[in-house]
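Work the whole structure out from these sequences, hints included.
Protein chains: 2
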Amino acid sequence: MKSFSDRLIEVLREKGSPIAVGLDPQLRFLPREIKAKNFKRYGKDFRAASRAVLEFNRRVLDIISPHVGVVKLQIAFYEALGPHGMESYQKTIRLARERGLLVIGDIKRGDVGHTAEAYAQAHLGEVDIDGFAAQGYGVDAVTLNPYFGEDGILPFVKMARFHGRGLFIVVKSTNPSSRDFQDRRCGTERLCELVARRVNSWGRGIVGKSGYSAVGAVVAAGSPTLGKRLRRLMPRAFFLVPGYGAQGAKAEDMRHYFDADGYGAVVSSSRAVIFAYENPSWKRRYGVKDWERAIEDAVLKMRRDISRVSGSG
Amino acid sequence: MKSFSDRLIEVLREKGSPIAVGLDPQLRFLPREIKAKNFKRYGKDFRAASRAVLEFNRRVLDIISPHVGVVKLQIAFYEALGPHGMESYQKTIRLARERGLLVIGDIKRGDVGHTAEAYAQAHLGEVDIDGFAAQGYGVDAVTLNPYFGEDGILPFVKMARFHGRGLFIVVKSTNPSSRDFQDRRCGTERLCELVARRVNSWGRGIVGKSGYSAVGAVVAAGSPTLGKRLRRLMPRAFFLVPGYGAQGAKAEDMRHYFDADGYGAVVSSSRAVIFAYENPSWKRRYGVKDWERAIEDAVLKMRRDISRVSGSG
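Residue numbers (my numbering), protein chains in the order written: chain A, 1 to 313; chain B, 1 to 313.
The reader is advised that the hints may include incorrect statements.
No copy labels: a pair is met if it fits in one copy or bridges any two.
Stated by the list, open to error - Once the Cα atoms are required to be at most 20 Å apart in a straight line, the calculated SDA-like pairs of lysine to any residue come out as:
(1) K283 to S210
(2) K283 to G187
(3) K91 to R47
(4) K37 to D290
(5) K91 to D45
(6) K91 to F46
(7) K44 to K209
(8) K44 to A133
(9) K37 to F132
(10) K40 to F132
(11) K301 to H163
(12) K289 to F29
(13) K40 to D128
(14) K40 to A134
(15) K44 to D130
(16) K283 to I63
(17) K44 to Q135
(18) K289 to L61
(19) K44 to G131
(20) K37 to A134
(21) K91 to E150
(22) K2 to H163
These are computed hints drawn from the structure, not numbers from a lab.
Okay, here's the thing in structure tokens:
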């Protein structure tokens, strides 16, 4: 079985760009035409909203899949819509995989051992139903929270090894108050550096042919000093870099995350791409109705931007 | 509107014991009779498993609700069963609330601001569906992970204030590797002590008549020195103390979490109560078929144990 990092590199090479699009379908930003149709059909309820989300995702996937190898689904926006929303989460994963895309479940779960095991089986593996192995959510990788330490992480590492899947552990997040704890000095290093060291050791036994591990890290684009330091502490980790566009991260801030071949990082953008039509400049150019062209333009612009610093594409 | 902490104290007083039962329905431990019936009816799939979980929960709730004021649902075991599992999560919440129980969603979510907001609305409040406010999961409180810092927490505080709900932020967890990061010294204090200080300040503006805040903390029973220190750092926080029974926590270790009136902490047990019939000593006494009596005995035993240290009951 191919390791996750090798599959990731393969799909990035094929698409010629180390970018991911976040399918984070915040209901209030969905195109009016899609919402209206579904609300008219089912009424204003969770089912209608979940169907609207699924339809939107399908159309976004059709637009972006020639240009992008990876999608990231923020599960919060599906979970918020109840069981129907979780159904749209599952179905979106399936639609993306059918189009040859690699899917990251942005779940940021973290818990004690036996609970982590339940999450790991469900998201990366199979669930044992009285001896019958039922396919779980079926994503290629998940994001995780490190606060519980090693026994919250190892069940996912085990599942990743067994099923050729991957993890991205949150080391340094994009939000301003990531400094509250992640930047705290603990002895000679910051907490995020301590986490980075553990990410590196957890990933040691699960390295692909590419030299990269299936245990990656979520690392915000930010201070070049910290970024270079984290890169050195985790030489084998793929970085998932969120927040390009809407959260203010700039391509230049990510240059040192990439290796000489343009690998080692996947830059992710959500709102700035899928809700590009909400951006005044796209709105002027295309009008509200042409939201699909705004998305395509936004993803192409992102490709160009990131290629300048990754050296690929 | 009554504050969460006042509602909590009211229900604990009424039931005469500061305990919570964890409805963490691991499929493999469910009574065979319940599984067999549902698998026969639907086949071995997520729907059957989810119905079995719901039926089990209903019967457990009927047994425990005269003796217990609070239940805690570990969402992982519902999420693992897909959309059907999430439906059983919702329905179990409803069944518990109908029986006058206070429900804690053990979700341990944590994310950046706008994502945290989506989680907060879904679990503690209402979800905006195009102007229609749809009721979310409807728990009375949730558990949260602090790694993202303040802007991952404030959306929940806001929602808690608005809807009279509560939070329990993980300060110190029960698992052995909680020492990996939570016990790391950051300057003069451990990371978990830094988190405790923030829990205290986040809870300042949302204190009930009882003097306790709606912002509580998950604190493992363990070293008395650390326990007393955390109690001092968070004088207004209700402690949710997991792991009694199966995870090895002993009543004696929690004595200093309670105030003179026997309030200030809720001790939670999951497997040791709901799967008491798996324990060899109960099995000998009742046999497998009498699993309901084993549960009742286990919950009564827990009440007695905890009353000795809380002083209540």
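Exercise. Looking at the structure, which of the earlier hints fail to hold?
Worked result: 1, 2, 7, 11 and 21
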